[in-house]
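Enquirer: For reference, the chains in residue letters:
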Amino acid sequence: MKWSQFFNTSIGKKLLVGITGLFLCSFIIVHLAGNVQLLYNDGGKGFNTYAAFMGHNSLIQFIAWGLKIVILLHAIVAIQLTFSNRKARPVKYAVSPGNQTSSWYSRQMAIMGSILFIFIVVHLSDFWWKFHYQSLPTVSYEATGEPIKDLYTVVQFAFKESWLVVLYVIGMIALSFHLIHGFKSAFQTFGLNHVKYNGLINFVGVWLFGILIPLGFAIIPVVIFFK
Amino acid sequence: MEHYNMGLTLKVWRQKNKDDQGRFETYQVKDISSEMSFLEMFDVLNENLINEGKEPIAFDHDCREGICGMCSMHINGRAHGPWAGTTTCQLHMRAFKDGDTVTVEPWRAAAFPVVKDLTVDRGAFDRIIEAGGYISVNTGNAVDANAIPIAKDKADAAFAAAACIGCGACVAACKNSSAMLFVSAKVSQLAQLPQGEPERATRALNMVAQMDKEGFGSCTNTGACEAECPKEISLTNIARLNREFIRAGFTYEK
Chain P
1 MKWSQFFNTS IGKKLLVGIT GLFLCSFIIV HLAGNVQLLY NDGGKGFNTY AAFMGHNSLI
61 QFIAWGLKIV ILLHAIVAIQ LTFSNRKARP VKYAVSPGNQ TSSWYSRQMA IMGSILFIFI
121 VVHLSDFWWK FHYQSLPTVS YEATGEPIKD LYTVVQFAFK ESWLVVLYVI GMIALSFHLI
181 HGFKSAFQTF GLNHVKYNGL INFVGVWLFG ILIPLGFAII PVVIFFK
Chain L
1 MEHYNMGLTL KVWRQKNKDD QGRFETYQVK DISSEMSFLE MFDVLNENLI NEGKEPIAFD
61 HDCREGICGM CSMHINGRAH GPWAGTTTCQ LHMRAFKDGD TVTVEPWRAA AFPVVKDLTV
121 DRGAFDRIIE AGGYISVNTG NAVDANAIPI AKDKADAAFA AAACIGCGAC VAACKNSSAM
181 LFVSAKVSQL AQLPQGEPER ATRALNMVAQ MDKEGFGSCT NTGACEAECP KEISLTNIAR
241 LNREFIRAGF TYEK
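Protein sequences, first through last, are from chains P and L.
According to the UniProt record's numbering, the stretch in the first sequence is residues 1 to 227, in order.
According to the UniProt record's numbering, the stretch in the second sequence is residues 1 to 254, in order.
What you were told as hints is all true, and nothing was included just to trick you.
To spell it out: a stretch of chain P is covered by chain L in this simulated footprint if at least three of its residues, at any positions, have a beta carbon under 8 Å from a beta carbon of chain L; those stretches are:
no.	region
1	13-24
2	73-85
3	89-99
4	105-117
5	184-193
Partner residues are not named here, just some residues of chain P that face chain L (Cβ under 8 Å, in silico):
no.	residue
6	Phe6
7	Thr9
8	Ser102
These are calculated hints, taken from the structure and not from any lab test.
As the structure is a prediction and not an experimental result, all values here were calculated from the model.
For every residue, glycine included, the Cβ atom is placed at its ideal position computed from N, Cα and C.
Can you build the whole structure from these sequences, using the hints too?
Expert: This is the structure we're talking about:
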């Protein structure tokens with residue numbers, strides 16, 4: 001089987017979705033670790049220095065563009081699979097089993113993913129676009145010397161808007177359910193289903209990626225809103 | 001358990017042939033024994049229909065002991081009805097109460113066209129098996145049964161996968177109409193044994209290619225198939241199929 005054929009089979013496509021999905025999982029750990037600095041009581045020094053570093057380091061910029069391609073690849077292949085899955089059942093059942101045979105969030109990966117995609121577009125246009133392509137007020141710190149863009153203040157200002165905070169919380173709820181199923185599902189797709197590791201995979205998927213990380217992200221806009 | 005009789009309202013899918021649109025018809029049955037099987041209840045209903053000069057409901061059945069995999073009925077939203085690990089013929093009427101309304105539909109999948117009423121064509125499964133679900137052996141005397149040592153746990157796992165009766169409940173239960181549990185059982189029963197080794201790579205590649213060609217959906221690991229499988233085939237088989245397919249895709253030279 002040629003590579004082109006392999007990645008056009010259902011399992012080949014799922015493999016792509018799984019690999020890109022786990023890459024995105026690794027990204028959100030780093031992203032949260034950086035963003036937690038928004039809650040520091042240092043007037044934005046830590047966060048702004050970090051943002052300036054991330055925005056100017058060429059290796060990180062290279063990965064950041066790769067990241068956007070990975071998000072698109074993950075979404076496009078998953079949408080392809082979703083449409084072919086819909087086509088596989090042209091006549092629906094009159095009575096559906098509901099949650100008797102599967103969890104509701106395992107069946108709603110496309111919906112959760114779509115909510116996340118909308119969230120990502122809003123999120124990027126709010127901060128990434130402004131940071132890179134618009135002129136922002138600058139600040140200077142002793143450690144950095146040159147004036148750097150004050151993204152910290154932009155964030156503090158943005159999260160005074162209640163609808164944006166609500167959107168972020170909804171986005172993170174979608175992320176939570178997407179990853180509770182998605183993380184362990186990726187391992188099953190890779191063929192990694194083993195009694196000795198299933199417990200660990202499930203634990204990491206549910207507690208770290210499904211609960212802790214989305215909760216960490218969601219807390220940031222809520223805290224800033226009420227500050 | 002106490003024996004009782006019941007009356008039921010049945011909503012049954014009627015469809016003349018594969019090109020017909022199809023619709024639900026409502027029927028009443030009375031004096032149904034709790035000890036009857038679901039198919040025997042349908043026999044009573046069909047008897048009534050014949051006596052009334054109406055067309056009886058077409059449904060598949062053969063062994064009526066849970067091993068042939070023919071009785072493809074989707075009952076109240078569940079493949080083979082509400083009981084776990086059960087075919088329709090082994091579902092007994094004590095699963096229902098007097099006055100219940102029961103909706104009966106055929107398997108719904110593009111790859112399983114409705115032939116008539118509740119009968120579907122599961123020929124797609126046969127074509128997947130033809131694509132690689134076999135081993136090639138030279139003719140001659142039968143080889144001694146214990147000539148090749150096989151680890152007991154491997155033999156047990158292969159046997160558990162071989163319990164698949166090809167009933168299609170996995171496809172019916174899956175929101176994507178995916179046949180992964182079926183294909184994985186057929187691959188697993190051979191991939192774990194030395195006899196299956198020579199055709200291991202081509203088997204995985206060809207069976208998955210045929211599965212896609214037949215128009216089954218892909219697996220999203222919801223686990224609905226495992227919950228509905230009358231032979232309780234495990235999801236670990238799907239992981240094994242993924243492993244076999246990925247391994248073959250990455251290493252097989254053709």
